[in-house]
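Order-wise, the sequence lines are chains X and B. Using my numbering, the first residue of the first sequence is number 1, and each one after it goes up by one. Using my numbering, the first residue of the second sequence is number 297, and each one after it goes up by one.
Incorrect hints may have been included.
What the hints assert, rightly or not - Straight-line Cα separation of at most 20 Å, PhoX-like style, residue types lysine-lysine; simulated pairs:
id : chain 1 : residue 1 : chain 2 : residue 2
1  : X       : 144       : X       : 3
2  : B       : 426       : X       : 130
3  : X       : 189       : B       : 374
4  : X       : 144       : X       : 130
5  : B       : 493       : X       : 189
6  : X       : 47        : X       : 3
7  : B       : 374       : X       : 126
8  : B       : 374       : X       : 289
Please keep in mind that the hints were generated in silico from the structure rather than gathered at the bench.
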Amino acid sequence: MMKLSLGPILWFWSKQTVFDFYAKAAEWPVDTIYLGEAVCSRRRELKPDDWFDLARDLKACGKEVVISTQTLIESEADLRRLRRICDQNEFLVEANDQSAVQVASRHQIPFITGPSMNIYNVATLKVLAKQGLKGWNLPVELGKETLEQLVTGLKHEGLDLPAEVFSWGFLPLAWSSRCFTARHYNLPKDNCEFRCLQHPDGMELRSRESQELFRLNGISTLSGSRYDLMRELPEMERMGVNTVRLSPEHQGMEEVVKRFDQVRRGAVPATDPLQLVEAPPCNGYWYGKPGMDLIG
Amino acid sequence: MELVCPAGSLPALKTAVDNGADAVYIGFRDSTNARQFAGLNFNDKRAAEGIDYAHSRGRRVFCAINTYPQPDGWEQWKAAVDRAAGLGVDAIILADMGLLDYAANRYPDIPRHLSVQGSATSYEALSFYKDNFDIRRAVLPRVLSLDQVRGVAKHSPVELEVFAFGSLCIMAEGRCYLSSYLTDESPNTRGACSPAKAVRWQETPQGLESRLNDVLIDRYGQGESAGYPTLCKGRFEVEGSVYHAIEEPVSLNTLDLLPELQELGISAVKIEGRQRSPAYIADVARTWRQALDNLARTPGMFTVENDWRNTLSGLSEGGLTTLGAYHRKWK
Chain X
1 MMKLSLGPIL WFWSKQTVFD FYAKAAEWPV DTIYLGEAVC SRRRELKPDD
51 WFDLARDLKA CGKEVVISTQ TLIESEADLR RLRRICDQNE FLVEANDQSA
101 VQVASRHQIP FITGPSMNIY NVATLKVLAK QGLKGWNLPV ELGKETLEQL
151 VTGLKHEGLD LPAEVFSWGF LPLAWSSRCF TARHYNLPKD NCEFRCLQHP
201 DGMELRSRES QELFRLNGIS TLSGSRYDLM RELPEMERMG VNTVRLSPEH
251 QGMEEVVKRF DQVRRGAVPA TDPLQLVEAP PCNGYWYGKP GMDLIG
Chain B
297 MELVCPAGSL PALKTAVDNG ADAVYIGFRD STNARQFAGL NFNDKRAAEG
347 IDYAHSRGRR VFCAINTYPQ PDGWEQWKAA VDRAAGLGVD AIILADMGLL
397 DYAANRYPDI PRHLSVQGSA TSYEALSFYK DNFDIRRAVL PRVLSLDQVR
447 GVAKHSPVEL EVFAFGSLCI MAEGRCYLSS YLTDESPNTR GACSPAKAVR
497 WQETPQGLES RLNDVLIDRY GQGESAGYPT LCKGRFEVEG SVYHAIEEPV
547 SLNTLDLLPE LQELGISAVK IEGRQRSPAY IADVARTWRQ ALDNLARTPG
597 MFTVENDWRN TLSGLSEGGL TTLGAYHRKW K
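Please build the complete structure, drawing on both the sequences and the hints.
What follows is the structure, encoded as structure tokens:
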């Protein structure tokens, strides 16, 4: 049976909200939990030690825990945090850029690459395997055809590198040095007043025809529609996908996890829709179409 | 510091060389490079002519193969590396780790430059590329502030090239999937951002509208000048206000920073724009050549001359330029 994972929280939530969320998640039928700040260096509600404590608690609850690294590494302080994450031997690390691969491999920490690592071909996976790669996420813009070719290619090479697919949530699409939330409030990035805390699922960016295009979330831009591959689970299982990633949201997550769990067990048909929240669904990338499209 | 200029055609290449480029970068006529435009770029014959033209004048030619091949494109991308090697280019600009590995093993003697699309924003990332593929040089993404460039440069194991002038990408290059979210092409997959095939212009009672795959990117009132609908430079609505929520249509111009870039030990400044005309290339190359020569002649006394500034402003998007992320306040 495929595993379910909770990706890192991509939004900025208060410390208590984060603790409450994972206290509940400990009871959910997810196998793997990614912890840590993957977006913005200014988001420090939880210190590295808080994350590690949380990681130990969740591990004690039987979860596999992976510590995520920041996606856009810009400063020496960012590198210090990265080294801190790799300076341990209890947990796998999610490497979200080449800096993390370099530091993890120097510390001989096995790692999984996140969806922002550009893995487009088998030759790339072979390079990373030599560095200690233990699993990888398909980049969000790639679809099932490419995934199938990659999985088949790995088999031919005799490489056992489990694939994970971002399957539910707002897609992380871009990272900038500019903070779009601070920009919206006419605040300098260095003095942003942590306005992201007021937007626990980002700020909607719409076209002037009110089409939901993107979600602004600090320095990152996410999709305006929610990626939903629930009904593709049988296809993923057939292909040999190892893990299905769900991206945390602050409301309704328990229902999402439960439904994906039922579908992966074949308990309800994958076509039975999840009636949830206010964002439109999309799945275009999976079919090699514009990501925002909804096929079928 | 070396001046690296773009060329999307043989006339542009010759113009760049004639106007003072130390090196020119080109790409093949397909999606193996990040400026895939109809009618642009080089076939092997033209590339050979261009390389011959540059070499006979003591200049170098780099070939960009800086998109990301998927399994069904692997042979084509590998063949592009073989073609570049066969043509005798002075360096290959690569982003994909698999392709870097191929080039390093198959052609160890041809220098490899890490493309900006490789998205290396720290010296640890640069060390990864140096240790694994022995890259000689890296082009830094346009997201770093000058202080951050300083930090990277201090510990960099490789030569650094930075963007000096041209269109401003404000997302970390190589990891921006906005274009493939709205259309079916991205810089990584097809070498295209906001591809022309998806653009539609429409006169409406509310004004001139630019659309990308039917998504309204901008709408221009009377007297407003309209720009290409690059999706991150449109006007959108956030919480009730309509504005350039991501970025204004401006160009990057770092003339003012030249002395500092030199002091940091930056090896080369890069001009963006293989899609630009030979006339544009001529003006930009000439201006930057003068600036670099001036800097070399009178270090410590460098000032930006007004006519350089005017020339470059006239060639910029919306007539506006910015120091971009190099200047902390921009963020």
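Consistency of the hints with the structure:
1. Distance hint between residue 144 of chain X and residue 3 of chain X is fulfilled; the C-alpha atoms sit about 18 Å from each other, no more than 20 Å.
2. Between residue 426 of chain B and residue 130 of chain X, the direct Cα distance comes to roughly 15 Å. Compliance with the 20 Å bound is thereby established for this hinted pair.
3. In summary, the hint linking residue 189 of chain X to residue 374 of chain B is not supported, as the alpha carbons are separated by about 42 Å, beyond the 20 Å threshold.
4. For a cut-off of 20 Å, the pair hint linking residue 144 of chain X to residue 130 of chain X is broken: about 26 Å separates their Cα positions.
5. With a C-alpha separation of about 36 Å, the suggested pairing of residue 493 of chain B with residue 189 of chain X is violated against the 20 Å cut-off.
6. Taken as a hint, the residue 47 of chain X and residue 3 of chain X pair is broken in the structure, with Cα atoms around 28 Å apart against an allowance of 20 Å.
7. For the proposed pair residue 374 of chain B and residue 126 of chain X, the alpha carbon gap of about 16 Å is at most 20 Å, so the pair holds.
8. For a cut-off of 20 Å, the pair hint linking residue 374 of chain B to residue 289 of chain X is broken: about 25 Å separates their Cα positions.
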